[in-house]
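Starting from the known structure of chain A, fit chain G with the ligands onto it as the hints suggest.
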Amino acid sequence: MTSDENNAPQQGAVLAVVEHSDGKLTRASLEVIAAAQKWAEALQAPAEAVLVGAPDVELGAELSRYQLRAVLQGRHEALRSYAYDVYTQALQQLITATQPVLVLFPHSYRTRDFAPRLATRAGRALISDVIAMRVEQGKPVFTRPIFQGKFAADVAATGGAPYFVSLQIGAFQEPPRLGEQPAPVRDVAVDPEPSRIKSEAPFHEAQQTVDLAQAARIVAVGRGLKEAKYMELAQQLASVLHAELGASRPVCDSGWLPMDRQIGSSGQTVSPKLYVALGISGAIQHLVGMKSARTIIAINKDPEAPIFEVADYGVVGNLFEVVPALLEELKKPS
Amino acid sequence: MKLLVCLKQVPAKDAPLKLNSAGSWIVEDVSYEVSEPDAYALEEALRQKEAHGGEVTVITVGPQRAAQVLREALAKGADKAIHVEGDGTQLLDSFATAEAITRAIPGQHFDLILTGLQSDDSGAAQVGVILAELMGIPHATIIMQIEPVPGGVRVKRELEGGAFQYLEMPTPAVLTIQSGINKLRYATLMGIKQAKSKPLSKINAETDGISVELNRLVIERLYVPGAQKKTERITGTAKDAAARIASVLKAQGIGAGE
Ligand SMILES: Cc1cc2nc3c(=O)[nH]c(=O)nc-3n(C[C@H](O)[C@H](O)[C@H](O)COP(=O)(O)OP(=O)(O)OC[C@H]3O[C@@H](n4cnc5c(N)ncnc54)[C@H](O)[C@@H]3O)c2cc1C
Ligand SMILES: Nc1ncnc2c1ncn2[C@@H]1O[C@H](COP(=O)(O)O)[C@@H](O)[C@H]1O
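Taken in sequence, the protein lines are chains A and G.
Per my numbering, the first sequence starts with residue 163, numbered consecutively.
Per my numbering, the second sequence starts with residue 396, numbered consecutively.
Bound-form chain A, shown alone (with noise of 0.2 Å):
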């Protein structure tokens, strides 16, 4: 419960506000939280996690073990399922109360919901999908990609403190630091009205049919593919690599193939031993489905495509020519 005991005012925090789905916080809050532990010892400021949700979300617990200075949490029956007004309004009030100089989310969906009006009514910017920080003259300036990862952006905010800041999904991997003893969790008192918004539950559309995740091999296929007919080629140099076909999302959304073969952040996350993307150009949503594969071979006919930071060997070609020529190679007897 609340123990401010002594009402000193606390120096600002820097703020890792955490997503929790079925009582689990997500993989990408404890990205969130390192990030912060990181971020708050160049900013020299203490770090803290922030929950907000129903009245018996139990997570404070598990978020003391971390080294924190505290974990804010802010409870509220409205919060019990997710809509932007009642959590902007909710965040909000907790920012106000406890005057932080940076709050970091992670670049989820929920987060790219909400996050841009709170900004916005602190009179800042969020600072949308960044991969790092550092200080110059006290002031942070971030990174981000810009022109669809072919670009990095340094940019810094206006205004001052407090920094609005959500960070790409996979980009912070190192796990958070334990601290030696629990931190001490305290709610903060969160008042929001009830939503105009009305939620129903999630849900997903169809049966997966294929669960891509237990392939040991994948041959994806992009855009750079042209048209459905042309699958007949990825088709050949999945069977010859026993490999699996999985897409990028246009390719899906097109109906080159199902849906359940798309990968990214709206689709499947896979870790094969072994991913050949054709003409795929490596936005960041793709990326985050494969890049932990191990071995990463890309053929893409852009040298600059970003397909190409994540790859192992990058092929810089026009696919009609090259697969065909890798499909008479690997004919050949070795």
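For the record, the hints were derived by calculation from the structure and aren't laboratory data.
Keep in mind that the hints are not guaranteed to be accurate.
Stated by the list, open to error - Which bits of chain A does chain G cover? Going by a derived footprint, with three or more residues having C-beta under 8 Å, they are:
no.: 1; region: 202-213
no.: 2; region: 289-296
no.: 3; region: 315-322
no.: 4; region: 333-339
This one's a predicted model, so the numbers in the text were calculated from it and none came from an experiment.
C-beta: ideal position from N, C-alpha, C; glycine also.
Frame of chain A, contents of chain G with the ligands only:
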């Protein structure tokens, strides 16, 4: 139903991009196109109009060249266009852009405002949500289906990992549209002809108080990101490249003799 669609002009997907000498922005003499999710937002607005009646207005904030996305939208069936024009408007951040759009449409009472879920160049994923905040109306993000209901809309929102959720909210509202919500149409010859007589109004950004001064986010520098892995780059003929890849695969025990 009165609909507004926000369209951003961005470098074409296959345009080779180069940094300017100061490293502060890209060299702008590339080809441009409408940001992909925005094309789906426009298509969805046209479909809503066709199904339920009404009018579609399109708006862009950008330099002179950006008028092209408006002309294409008019050719596809939009009824009116607004161009908030000014040099340097391509450098506005999401907040300043939302501010520019708000100032351009006073008293217009749109039932639905559609944006893309994120722009293909800045990728901030914010203009729609900030616009809703500035206008004091509800919003929903990453939308894959829209259905009008009395007094509002019921929408299907995409969630992570292939899940969805239905939401219902009062209108006016802002919806940010995900690529793939529908199938895009092409402009017809007839449409292109008719577009010429449709109203395209220009608003001078500067006169409206819109400039990079409003930005809350300042880009200091752009650069080519470092590789996350040690990548062996394979160039040369297709045959050479294939031979190298085949040897890599065979070294891993994959290939003919398997
Ligand atoms: C919220 C959200 C969720 C998303 N979820 C996902 C997801 O789960 N999965 C996903 O994949 N995407 C997802 N996306 C979309 C993602 O941002 C990209 O738009 C998408 O991954 C691009 O697919 P692509 O690489 O096939 O197409 P493009 O980006 O169009 O790339 C095609 C590539 O093919 C190359 N090419 C063209 N012709 C040839 C040739 N002849 N030979 C060799 N190379 C060639 C081009 O150089 C280019 O790099 C999501 C986006 C958002 C905003
Ligand atoms: N300059 C602009 N003019 C009109 N609409 C824009 C502009 N910039 C962004 N938008 C809209 O806002 C969406 C999100 O943009 P962003 O916040 O930059 O990711 C885009 O998909 C567009 O629909």
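- In terms of beta carbon proximity below 8 Å, does the region 202-213 of chain A have 3 or more residues touching chain G? violated (count 0)
- Item | Outcome, coverage hint (the region 333-339 of chain A, chain G; C-beta under 8 Å; three residues) | violated (count 0)
- Task: Test coverage of the region 289-296 of chain A by chain G using CB-CB distances below 8 Å; three residues minimum.
- Result: With 3 residues in contact (Cβ-Cβ under 8 Å with chain G), the coverage given for the region 289-296 of chain A holds.
- Task: Go check the region 315-322 of chain A versus chain G for me, would you? Three or more residues, Cβ under 8 Å, otherwise it fails.
- Result: holds (count 7)
The structure fails to meet hints 1, 4 from the earlier list, while all remaining hints are met.
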